[in-house]
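K.L.:
Sequence:
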Amino acid sequence: MPLLSVKGIEKSFGGLKALNGVGFDVREGEIKAIIGPNGAGKTTLLNIVSGIYRPDGGDVVFNGETIQCLSSNEIARRGISRTFQHVELFGNMTVLENVIVGKIARSGCGFVSSGFRFPSVRNEEHVVKRKSEEILSYVNLTQRRDELASNLPIGEQRILEIGRALATEPRLVLLDEPAAGLNMRETRSLGDVIRKIRDELHITIVLVEHDMDLVMRISDSVMVLNFGEVIADGTPLEVQKNPKVIVAYLGEEGEIPRGYHAHT
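Note that the numbering used here has the sequence shown beginning at 1, numbered continuously upward.
No wet-lab data here; the hints were simulated from the structure. Take the hints with a grain of salt, since some may be wrong.
Unchecked claim - Here are the simulated lysine-lysine pairs, DSBU-like style, with alpha carbons at most 30 Å apart:
id, residue 1, residue 2
1, K7, K241
2, K32, K17
3, K244, K17
4, K32, K196
5, K7, K32
6, K32, K244
7, K32, K241
8, K32, K131
9, K7, K17
10, K129, K196
Make a model of the complete structure from these sequences and hints.
P.N.:
This is how it looks when you write it as C-alpha coordinates:
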(Lines of atoms letter the chains of each structure in order from A; the text may use other names.)
(Lines give C-alpha, C1' and ligand atoms only; values in the text may rest on other atoms or scores of the structure.)
Protein backbone atom coordinates (compact mmCIF):
# COMPACT_ATOMS: atom_id res chain seq x y z
CA MET A 1 0.00 0.00 0.00
CA PRO A 2 1.40 3.46 -0.88
CA LEU A 3 2.15 5.81 1.99
CA LEU A 4 0.35 8.58 0.09
CA SER A 5 -2.30 8.07 -2.56
CA VAL A 6 -3.90 11.01 -4.36
CA LYS A 7 -6.99 10.09 -6.37
CA GLY A 8 -8.88 12.19 -8.92
CA ILE A 9 -8.23 15.55 -7.29
CA GLU A 10 -10.24 18.47 -8.68
CA LYS A 11 -9.75 22.12 -7.73
CA SER A 12 -11.07 25.31 -9.32
CA PHE A 13 -10.64 28.96 -8.42
CA GLY A 14 -13.55 30.87 -9.91
CA GLY A 15 -13.65 29.80 -13.54
CA LEU A 16 -10.06 28.54 -13.55
CA LYS A 17 -9.55 24.78 -13.35
CA ALA A 18 -6.33 24.48 -11.35
CA LEU A 19 -6.35 20.67 -11.01
CA ASN A 20 -8.27 18.23 -13.17
CA GLY A 21 -8.43 14.59 -12.07
CA VAL A 22 -4.91 14.50 -10.62
CA GLY A 23 -3.83 11.18 -9.18
CA PHE A 24 -0.53 9.63 -8.12
CA ASP A 25 1.00 7.35 -5.48
CA VAL A 26 4.07 7.79 -3.29
CA ARG A 27 5.76 4.72 -1.85
CA GLU A 28 7.22 4.82 1.64
CA GLY A 29 10.90 5.77 1.48
CA GLU A 30 10.57 7.34 -1.97
CA ILE A 31 11.71 10.73 -3.22
CA LYS A 32 9.02 11.79 -5.68
CA ALA A 33 9.41 14.99 -7.67
CA ILE A 34 6.52 16.97 -9.10
CA ILE A 35 7.52 19.19 -12.00
CA GLY A 36 5.78 21.27 -14.62
CA PRO A 37 5.68 24.72 -16.18
CA ASN A 38 4.60 27.79 -14.27
CA GLY A 39 0.89 27.64 -13.44
CA ALA A 40 0.67 23.87 -13.80
CA GLY A 41 -0.93 23.44 -10.36
CA LYS A 42 2.02 22.08 -8.39
CA THR A 43 1.76 24.27 -5.30
CA THR A 44 -2.03 23.99 -5.33
CA LEU A 45 -1.57 20.22 -5.15
CA LEU A 46 0.77 20.50 -2.15
CA ASN A 47 -1.70 22.85 -0.48
CA ILE A 48 -4.41 20.20 -0.83
CA VAL A 49 -2.24 17.37 0.49
CA SER A 50 -1.19 19.49 3.49
CA GLY A 51 -4.71 20.70 4.28
CA ILE A 52 -4.38 24.36 3.33
CA TYR A 53 -6.97 23.91 0.56
CA ARG A 54 -9.82 21.44 0.36
CA PRO A 55 -10.34 19.80 -3.02
CA ASP A 56 -13.60 20.13 -4.94
CA GLY A 57 -13.44 16.39 -5.61
CA GLY A 58 -11.22 13.37 -5.16
CA ASP A 59 -9.43 11.78 -2.22
CA VAL A 60 -6.11 12.12 -0.41
CA VAL A 61 -5.19 8.97 1.51
CA PHE A 62 -2.21 9.00 3.89
CA ASN A 63 -1.14 5.85 5.71
CA GLY A 64 -4.52 4.29 4.92
CA GLU A 65 -6.58 7.23 6.22
CA THR A 66 -8.58 9.65 4.08
CA ILE A 67 -7.37 13.11 5.09
CA GLN A 68 -8.64 15.70 2.58
CA CYS A 69 -11.30 16.97 4.98
CA LEU A 70 -8.89 17.40 7.90
CA SER A 71 -7.36 20.72 8.93
CA SER A 72 -3.69 21.43 8.24
CA ASN A 73 -2.92 21.02 11.95
CA GLU A 74 -4.63 17.63 12.06
CA ILE A 75 -2.74 16.51 8.96
CA ALA A 76 0.55 17.67 10.49
CA ARG A 77 -0.17 15.65 13.62
CA ARG A 78 -0.64 12.56 11.46
CA GLY A 79 2.88 12.92 10.13
CA ILE A 80 2.97 15.29 7.14
CA SER A 81 5.25 18.33 7.30
CA ARG A 82 6.10 20.87 4.62
CA THR A 83 8.15 23.86 3.56
CA PHE A 84 7.06 26.74 1.35
CA GLN A 85 8.30 28.54 -1.77
CA HIS A 86 9.17 31.60 0.28
CA VAL A 87 11.25 30.92 3.37
CA GLU A 88 9.07 31.25 6.47
CA LEU A 89 11.51 31.39 9.36
CA PHE A 90 11.41 33.53 12.50
CA GLY A 91 14.15 35.96 11.51
CA ASN A 92 14.47 37.50 14.98
CA MET A 93 15.03 34.07 16.56
CA THR A 94 18.23 32.08 16.53
CA VAL A 95 18.76 29.06 14.33
CA LEU A 96 18.31 26.76 17.34
CA GLU A 97 15.17 28.55 18.49
CA ASN A 98 13.59 28.09 15.06
CA VAL A 99 13.98 24.32 15.36
CA ILE A 100 12.78 24.37 18.97
CA VAL A 101 9.54 25.99 17.78
CA GLY A 102 8.96 22.95 15.58
CA LYS A 103 9.71 20.57 18.44
CA ILE A 104 7.29 22.41 20.73
CA ALA A 105 4.58 22.07 18.10
CA ARG A 106 5.23 18.33 18.01
CA SER A 107 5.49 17.75 21.77
CA GLY A 108 2.68 20.09 22.77
CA CYS A 109 4.54 20.82 25.99
CA GLY A 110 4.12 24.60 25.70
CA PHE A 111 7.02 26.41 27.29
CA VAL A 112 4.67 29.30 28.07
CA SER A 113 3.29 27.22 30.90
CA SER A 114 6.74 26.33 32.17
CA GLY A 115 6.82 29.29 34.56
CA PHE A 116 5.59 26.87 37.21
CA ARG A 117 8.90 25.01 36.77
CA PHE A 118 7.51 21.55 37.46
CA PRO A 119 10.25 18.91 37.14
CA SER A 120 8.36 17.26 34.29
CA VAL A 121 8.29 20.55 32.37
CA ARG A 122 12.00 21.18 32.94
CA ASN A 123 12.76 17.67 31.73
CA GLU A 124 10.61 18.24 28.63
CA GLU A 125 12.51 21.46 27.90
CA HIS A 126 15.79 19.58 28.11
CA VAL A 127 14.59 16.84 25.76
CA VAL A 128 13.25 19.35 23.21
CA LYS A 129 16.49 21.34 23.21
CA ARG A 130 18.65 18.21 22.90
CA LYS A 131 16.61 16.87 19.99
CA SER A 132 16.66 20.27 18.29
CA GLU A 133 20.45 20.35 18.57
CA GLU A 134 20.59 16.85 17.07
CA ILE A 135 18.60 18.09 14.07
CA LEU A 136 20.99 21.02 13.57
CA SER A 137 23.90 18.61 13.66
CA TYR A 138 22.15 16.39 11.16
CA VAL A 139 21.66 19.22 8.64
CA ASN A 140 25.14 20.65 9.29
CA LEU A 141 24.03 23.87 10.99
CA THR A 142 25.46 23.33 14.49
CA GLN A 143 28.02 26.11 14.08
CA ARG A 144 25.20 28.51 13.26
CA ARG A 145 23.00 27.55 16.24
CA ASP A 146 23.24 30.94 18.02
CA GLU A 147 23.00 33.17 14.95
CA LEU A 148 19.79 34.94 14.00
CA ALA A 149 18.02 33.06 11.23
CA SER A 150 17.76 36.29 9.22
CA ASN A 151 21.58 36.49 9.06
CA LEU A 152 21.97 33.14 7.28
CA PRO A 153 22.58 33.05 3.52
CA ILE A 154 19.54 31.87 1.58
CA GLY A 155 20.98 28.37 1.06
CA GLU A 156 21.32 27.81 4.80
CA GLN A 157 17.90 29.35 5.44
CA ARG A 158 16.39 26.75 3.10
CA ILE A 159 18.16 23.95 4.94
CA LEU A 160 17.11 25.39 8.31
CA GLU A 161 13.50 25.37 7.14
CA ILE A 162 13.85 21.69 6.26
CA GLY A 163 15.39 21.10 9.69
CA ARG A 164 12.40 22.74 11.33
CA ALA A 165 10.10 20.52 9.27
CA LEU A 166 12.01 17.50 10.59
CA ALA A 167 11.44 18.70 14.15
CA THR A 168 7.81 17.56 13.94
CA GLU A 169 9.04 13.97 13.40
CA PRO A 170 7.12 13.47 10.13
CA ARG A 171 6.79 10.39 7.97
CA LEU A 172 6.31 12.53 4.86
CA VAL A 173 7.86 15.92 4.06
CA LEU A 174 6.53 18.13 1.26
CA LEU A 175 9.20 20.49 -0.14
CA ASP A 176 7.95 23.38 -2.28
CA GLU A 177 10.77 24.66 -4.52
CA PRO A 178 13.56 24.30 -1.94
CA ALA A 179 16.26 25.21 -4.49
CA ALA A 180 14.67 28.54 -5.47
CA GLY A 181 17.31 31.27 -5.37
CA LEU A 182 20.21 28.91 -4.69
CA ASN A 183 23.47 28.76 -6.62
CA MET A 184 24.90 25.51 -7.96
CA ARG A 185 26.96 24.74 -4.85
CA GLU A 186 24.05 25.44 -2.51
CA THR A 187 21.72 23.32 -4.63
CA ARG A 188 24.11 20.38 -4.54
CA SER A 189 24.40 20.68 -0.75
CA LEU A 190 20.60 20.81 -0.51
CA GLY A 191 20.28 17.68 -2.62
CA ASP A 192 22.73 15.86 -0.37
CA VAL A 193 20.68 16.81 2.70
CA ILE A 194 17.42 15.63 1.10
CA ARG A 195 18.93 12.27 0.18
CA LYS A 196 20.40 11.91 3.66
CA ILE A 197 16.97 12.51 5.19
CA ARG A 198 15.48 9.75 3.06
CA ASP A 199 18.36 7.29 3.34
CA GLU A 200 19.14 7.64 7.05
CA LEU A 201 15.92 8.87 8.64
CA HIS A 202 13.69 6.88 6.25
CA ILE A 203 11.44 9.88 5.69
CA THR A 204 9.46 10.00 2.46
CA ILE A 205 9.86 13.14 0.34
CA VAL A 206 7.57 14.84 -2.17
CA LEU A 207 9.50 17.56 -3.95
CA VAL A 208 8.11 20.35 -6.14
CA GLU A 209 11.10 21.72 -8.01
CA HIS A 210 12.14 23.55 -11.18
CA ASP A 211 15.85 22.71 -11.07
CA MET A 212 16.02 19.73 -13.41
CA ASP A 213 19.58 18.82 -12.42
CA LEU A 214 18.45 18.42 -8.81
CA VAL A 215 15.31 16.51 -9.81
CA MET A 216 17.18 14.07 -12.02
CA ARG A 217 19.94 13.54 -9.46
CA ILE A 218 17.91 12.71 -6.35
CA SER A 219 14.42 11.57 -7.41
CA ASP A 220 13.19 7.98 -7.62
CA SER A 221 10.16 9.00 -9.67
CA VAL A 222 8.88 12.15 -11.33
CA MET A 223 5.32 13.28 -12.03
CA VAL A 224 4.68 16.05 -14.54
CA LEU A 225 1.73 18.44 -14.35
CA ASN A 226 0.64 20.67 -17.21
CA PHE A 227 -2.45 22.89 -17.02
CA GLY A 228 -3.63 20.97 -13.97
CA GLU A 229 -3.38 17.50 -15.49
CA VAL A 230 -0.85 14.68 -15.14
CA ILE A 231 0.93 14.18 -18.47
CA ALA A 232 3.67 11.80 -17.28
CA ASP A 233 4.67 9.77 -14.23
CA GLY A 234 7.72 7.51 -14.19
CA THR A 235 11.44 7.31 -13.61
CA PRO A 236 13.51 10.47 -14.20
CA LEU A 237 14.90 9.05 -17.44
CA GLU A 238 11.45 8.04 -18.72
CA VAL A 239 10.03 11.46 -17.98
CA GLN A 240 12.98 13.33 -19.44
CA LYS A 241 12.48 11.60 -22.79
CA ASN A 242 8.67 11.76 -22.82
CA PRO A 243 7.52 13.75 -25.89
CA LYS A 244 4.58 15.32 -24.01
CA VAL A 245 6.94 16.60 -21.33
CA ILE A 246 9.37 18.01 -23.87
CA VAL A 247 6.60 19.89 -25.64
CA ALA A 248 5.18 21.19 -22.34
CA TYR A 249 8.55 22.65 -21.34
CA LEU A 250 10.01 23.70 -24.68
CA GLY A 251 7.09 23.86 -27.10
CA GLU A 252 8.99 21.85 -29.67
CA GLU A 253 10.53 18.45 -30.18
CA GLY A 254 13.91 17.99 -28.55
CA GLU A 255 15.23 16.99 -25.16
CA ILE A 256 14.92 18.80 -21.85
CA PRO A 257 18.38 20.11 -20.91
CA ARG A 258 19.59 18.62 -17.65
CA GLY A 259 20.14 22.08 -16.15
CA TYR A 260 16.88 23.54 -17.43
CA HIS A 261 15.01 25.75 -14.99
CA ALA A 262 11.33 26.40 -15.61
CA HIS A 263 10.64 29.97 -14.51
CA THR A 264 8.38 30.45 -11.50
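K.L.:
If a hint holds in the structure, say so; if it doesn't, say that too.
P.N.:
Here's how the hints hold up against the structure:
1. Simply put, K7 and K241 have alpha-carbon atoms about 26 Å apart, close enough for the 30 Å limit, and the pair holds.
2. Restraint check: the Cα-Cα separation between K32 and K17 comes to about 24 Å, which is no more than 30 Å; the hinted pair holds.
3. In summary, the hint linking K244 to K17 is supported, as the alpha carbons are separated by about 20 Å, within the 30 Å threshold.
4. Taking the CA atoms of K32 and K196, the gap is near 15 Å; set against the 30 Å cutoff, the hint holds.
5. The suggested pairing of K7 with K32 holds, with an alpha-carbon distance near 16 Å, which does not exceed 30 Å.
6. With a C-alpha separation of about 19 Å, the suggested pairing of K32 with K244 holds against the 30 Å cut-off.
7. Of the pairs offered as hints, the one joining K32 and K241 holds, with about 17 Å between alpha carbons and a cut-off of 30 Å not exceeded.
8. Between K32 and K131 the alpha-carbon distance is near 27 Å, which keeps this suggested pair within the 30 Å criterion.
9. Taking the CA atoms of K7 and K17, the gap is near 16 Å; set against the 30 Å cutoff, the hint holds.
10. Of the supplied pair hints, the one linking K129 and K196 holds, its CA atoms being roughly 22 Å apart against a limit of 30 Å.
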